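K.L.:
Sequence:
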Amino acid sequence: MSVSPLSHLKVLDFSTLLPGPYCSMMLADMGADVLRVESIDRVDLIREMEPMSETGGSVYHETLNRNKQSLALNLKHPVAVDIVHRLVEDYDIVLEQFRPDVMDRLGLGYEALSGVNPSLIYCSITGYGQTGPFKHRAGHDINYLSLAGVMSYGSEARPALLGTQIADIAGGSLHATSAILAAALGRDHTGTGCHLDVSMADCAYALNFFGGAAQLATDTAPQPADGLLNGGSHYGFYETKDGRYLSVGSLEPKFLAGLLSGLGIDPKRGMVTSSLASGSPLPSPQIASPFVMDGVKPQINKVGGSIGADTLSVVSGLGYSHADVEGMAADGVFSMKGLML
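In terms of the numbering used here, the sequence shown opens at residue 1 and continues consecutively.
Some hints here could point you the wrong way.
Calculated pairs, DSS-like style, for lysine-lysine (alpha carbon to alpha carbon, straight line, at most 25 Å) [said to hold, decoys possible]:
1) 76 <-> 10
2) 254 <-> 302
3) 135 <-> 76
4) 254 <-> 268
5) 268 <-> 135
Now the in silico label distances, taken between C-beta atoms and shown as ranges [stated by the list, open to error]:
6) 242 <-> 76: 55 to 61 Å
7) 115 <-> 138: 48 to 54 Å
8) 247 <-> 267: 36 to 42 Å
9) 182 <-> 304: 19 to 25 Å
10) 301 <-> 249: 29 to 35 Å
11) 331 <-> 247: 30 to 36 Å
12) 242 <-> 185: 27 to 33 Å
13) 188 <-> 85: 20 to 26 Å
14) 253 <-> 188: 27 to 33 Å
15) 41 <-> 164: 49 to 55 Å
16) 304 <-> 66: 53 to 59 Å
In case anyone wonders, no lab produced these hints; they're calculated from the structure.
Treat the numbers as computed from the prediction; the structure is a model and nothing was measured.
Virtual Cβ for every residue (Gly too), placed ideally from N, Cα, C.
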């Protein structure tokens, strides 16, 4: 396979700092032609952050903006706006990270640029999204994580800062990259682009998978160290005699048994039992996908069902006869338990 699978895509990147540039860095690493549009008088702060490399540039800037070209423009000048409009005629993707309405005021919003190029994919990364009461608020990673609840139920009662920017990267960069690639695939079928609304707070909220799903089902908010994954004895850090830490992740019974045996503890103690849920007729509410494409969120058409619930429809759709399917079931190819022929 080619190491440049996105070499057919051209990206015009107006973003700064971490979320947008990390997204366009991944696209560039996969072969996309990325052109950064930078201000002539407001320097991207990532360029000035230490440490500096041997070339005198910030190591963060040189990493985030590798494999990209740079164009410096005064976007408040009408000629600069015209330059962008001409560029957009030949570009696939616009990536921007301003607060809502800023690009519109510059004449560079989605409506203006999609009028130039109807197939344009326009991705807006913001703290709180294009709509809602918080849309014009400023914020940083810590604010998005706090609002999303991610910081409220770790292994300690007091919120602890992590060593990397979860909302910026996992919430912003990775969700934006996924949305852009999905939109590019969709455009291959429709020929038209779309406006992607990526809210770092919304996407950070969607990262509350276990805690959020449990709260929606039980109406009980997760608490610090109240479960296996946020401080349970089988999943945590233990200080060792040499002043270092041992990370333990022994959720599955076989791994827990190995850990306990290694510690000289009877494996029958503290074993985690598991069972397969049979499901309920009324599914619990769920945290929906945070993606927004042209103002519309993806729909949940079905919840996770029982094992093999769709076996018959899948196998029958391959051209096998009714007798073939019955024979497969008799031979143990799949289980007919709970299924109707």
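K.L.:
Evaluate each hint against the coordinates.
P.N.:
Hints and how they fare:
Between residue 76 and residue 10 the CA atoms are separated by roughly 24 Å; this keeps the pair inside 25 Å, and the hint holds. A C-alpha spacing of about 32 Å is found between residue 254 and residue 302, which places the hinted pair above 25 Å, so the restraint is violated. Taking the CA atoms of residue 135 and residue 76, the gap is near 23 Å; set against the 25 Å cutoff, the hint holds. With a C-alpha separation of about 11 Å, the suggested pairing of residue 254 with residue 268 holds against the 25 Å cut-off.
Taking the CA atoms of residue 268 and residue 135, the gap is near 53 Å; set against the 25 Å cutoff, the hint is violated. At roughly 59 Å, the beta-carbon separation of residue 242 and residue 76 lies within the given 55 to 61 Å, and the hint holds. Evaluation of the 48 to 54 Å hint for residue 115 and residue 138 yields a failure: the beta carbon distance comes to about 30 Å. Hint check: residue 247 to residue 267, Cβ distance near 20 Å, so the stated range 36 to 42 Å is violated.
Checked against the hint of 19 to 25 Å, the pair residue 182 and residue 304 passes, with Cβ atoms roughly 21 Å apart. Taken as a hint, the range 29 to 35 Å holds for the pair residue 301 and residue 249, whose Cβ atoms sit roughly 33 Å apart. The given range of 30 to 36 Å is broken by residue 331 and residue 247, whose C-beta atoms sit roughly 45 Å from each other. For residue 242 and residue 185, the Cβ-Cβ distance of about 51 Å falls outside the hinted range of 27 to 33 Å, so the restraint is violated.
For the pair residue 188 and residue 85, the supplied restraint of 20 to 26 Å holds, since their beta-carbon distance comes to about 25 Å. At roughly 45 Å, the beta carbons of residue 253 and residue 188 sit outside the given window of 27 to 33 Å. Checked against the given bound of 49 to 55 Å, the beta carbons of residue 41 and residue 164, roughly 31 Å apart, lie outside it. Between residue 304 and residue 66, the C-beta spacing of about 40 Å breaks the proposed range 53 to 59 Å.
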